[in-house]
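Participant: Listed below, chain by chain, are the residues.
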Amino acid sequence: DQQVKQNSPSLSVQEGRISILNCDYTNSMFDYFLWYKKYPAEGPTFLISISSIKDKNEDGRFTVFLNKSAKHLSLHIVPSQPGDSAVYFCIAGGTSYGKLTFGQGTILTVHP
Amino acid sequence: DSGVTQTPKHLITATGQRVTLRCSPRSGDLSVYWYQQSLDQGLQFLIQYYNGEERAKGNILERFSAQQFPDLHSELNLSSLELGDSALYFCASSVGNGAVTGELFFGEGSRLTVL
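Residue numbers (the working numbering), protein chains in the order written: chain A, 391 to 502; chain B, 937 to 1051.
Okay, the calculated bits of chain A under chain B, using three or more residues with CB under 8 Å as the criterion:
| hint | region |
| --- | --- |
| 1 | 431-443 |
| 2 | 489-497 |
A short, non-exhaustive set of chain A residues, derived as facing chain B with CB atoms under 10 Å:
| hint | residue |
| --- | --- |
| 3 | Q392 |
| 4 | L424 |
| 5 | I481 |
Hints are computed from structural coordinates only; laboratory data are not their basis. Cβ coordinates follow ideal geometry from the N, Cα and C atoms, glycine included.
Given only the sequences and the hints, what does the whole structure look like? Please build it.
Facilitator: Set out below in structure tokens:
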């Protein structure tokens, strides 16, 4: 049962344009969401998070949007840079759930 | 450098064998998590320990076991290995007890190849 789904396995974007990575979840107990980035041969690293009491969180070029009614979140990267090329994981968790659930990941490629 | 250390980085073994993967969490972190990443798969949560005690269990096979020692390092034991166990095994740590509202810090992973 895939409780966190990233339906796009890959995304290709031109440098300077916007990258939008999407994530859907099914479990209503999730109330905290994170995005992690992973480069080859490295462990995932934290990028940005959002609590369910918010619908938007921004950190520099990265913005995460949360639509609780649709059980959908998205990560926007503006402007995209070649160094952003990595695998992005959407992760759901929460204060009452007790563990994190990862999506399958989306491979982002930003072309110069 | 996340501060989480995993050894070995690479391991090649045969079916039916047993291996132990080791993880040293960041200084001060009480929770250790183990994840498995197989080919074309996202990270699958295996198990979490908090301050020496098992806190949460995910999709961990009965052939696998883990423990966290008094010095907070953790070991993941994989036995009766099968070809399908070939994967990248990540350890992560956090300060909190797993009702996670903060970051996890991941190690670089241990790549297990079962031949």
